[in-house]
Structures are given as C-alpha cells and as structure tokens.
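The sequence shown runs -18 to 293 under my numbering.
Watch out, some of these pointers could steer you wrong.
To be verified - Label-pair distances were calculated between CB atoms; the ranges are:
id : residue 1 : residue 2 : range
1  : L103      : S36       : 38 to 44 Å
2  : Q94       : Y24       : 39 to 45 Å
3  : L103      : L223      : 31 to 37 Å
4  : C248      : G66       : 26 to 32 Å
No lab work stands behind these hints: they were computed from the structure.
For each residue, glycine too, the CB sits at the ideal point set by N, CA and C.
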Amino acid sequence: MVAPLPSTGNTAQPTVRIDITDSDKQHVKASRIRKFPKFRFPYVVNAFLSIIVLSGIILLELGYIPATKIGFYCQDPSLSYKFNGDTVSATTLLVGNLLILPCVILCISEFLQKDSTIRICLREFWYFYKEFLIGCALVLLITEIIKALIGEHRPHFFDVCQPDSGKNCTKGQYVYSYECTLTKYTRYFMSDTSRSFPSGHSSLSFFVAIYFSFLVQMRVPTVKTGKLFKPFLISCCLTWALVCSLTRLTDKRHHWWDVLGGMMIGCFGAWYTLHIIYRRLNQNVIVVPPRLATSTTTLLDVKNKDAKSEII
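With the sequences and hints as input, model every part of the structure.
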C-alpha cells in the first residue's frame, strides 16, 4: 500500500510511503530461497538410451557382439590385396569429424550471427552440436549393425587372415568353414577384417559434411562475409568427406560398394536430422526467454518524479 507522508513546514519535496504487508514480505523471502530442479523422467530416459546406444556402438565396433561369419571363393581376386594401413586413421576420423570441424563451423556461424550475444551464441552452439551428436550416434549405430549382420570380407582378407581352407582349395570353389592362421594381429583387427560393408568412414564423414554444409548455407550471413566465403566452407566440408571416403578405396580397405553404401547412410542420417532442425527453426523453438523483473514494489505516484519513497 502506498500512502503520502504528512508534510511539514521544513519539507521541500513531497515523499511517498510504501507499506509492504506480511504476505508480501513472505513472498519475497520465499522467492530468495534457491529452488532445485525437479526430477524429470524424460531426462532419465534420455540418459539411459544414450548409454545403451553408446555401449552398443562400442561393443559392435570392438567385436564383442558376434558378427555373421560368411565364407569366400577360393583365390578370389577381390580379396587378395595387400594390407597397407590407413591414410585416414580412426583417430583422425573421430577427432576431425566430432571435434575440429564442428567447433570451427559452429564458432564461425554463431560469431557472424546478427545481433547475437554470448548467451545466445552458447545456447545455439550447444543446440546444434547436441543435434549433431544425436545424428552421429544414429548413423554409427546403423552402420555397425549392418556390418555385424552382413560380415563382408575386406579386400585384404587373404593377406591378414590366411585361412587354412584356402590353401588347398580349387579356384572358384566356395569355402564355408575356415580358420585364420595368422596370429600377429589383435583380436579386434581380425574381427574387423570381415566388417567391410558399409564403410564407417564414408557414412560418418558424409553425415558431417552435409550437416555442416546446411548450417553454413542457412546461418552464415553473406552480407558480412561476401559471396565466396560460404561456397568455400561448403567445399571444404565436402572435400573432407571425399578424402575420408575415397582413401578407403585407394588403401584397399573397402570395396566400391561399401563406400557407396556408407555415403547413402550418411546422407540419410543428415537428411533426417536436418529435417527436424529445419522444422524447429521455422517454429522459433530456439529462443532465449527474456529475463524476468525482480522488483516486488511499484511506485504508484508516477506523476511526481521528485517524490521520495519510504519502505516500512
């Protein structure tokens, strides 16, 4: 309640007295109490599913989940190449696709956004990176499941396995049962020799390239960068994907259809993820809410700007 104080002869300016009731005081004290976030069941479900998916990808990749074991044709020339290593190793693939390229593209796009603040940049950075990680998990899970189900041999299968049944067989004969006689490689590497289709390098790299090419096209302002900057960034993303994919052919680590299948999986995963993001952007989901006012009192006598107030 607001009430003017009685004026005296020595008072040069009128004053206004603001009375705060006990209920208002209790409301202010309650608002100062720190509120802990409530328990939300969807968060638990998301965390549980994330652990399941990540564990499945790791177990499938390391060969702890048994894969399909298929035979081979005796002296098959498509399986008789020498093993020469990897031009783009698994570490380079993961670091480049999951850390370096996303951070560079997202930092550039959010920094160049019009009228953006630190808070908005960080929130939108995390949103696009979170959706990116979800899409990566989807692509990698599909890739690993198909690898385990098909169990196709890599082009250097004979060189690293040296199957016992392939030494005395007739050319063109299909061998159903065999055991690898070469033991200098690890268990993981030996199981990986029969996981050629589809290419994980091509599926992941093409997902990353298409995803961030879309973000560059949609979020990098041409007014601030010029007309050539966006095509340059997009060409860098696509070139990186082609390098990761085509080197699998030159290294004789995959057949051409393995790389093509990986490209299709990566493109499908990128289309699905970007479709969801584009729909949310049109609905203005990524909006930073305005900061609420914290004042609990209102000066009613707005006409008298020189009035003093007293809180009791």
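Failing hints, ascending? Hints 1, 2 are the ones this structure does not satisfy, whereas the remaining hints hold.
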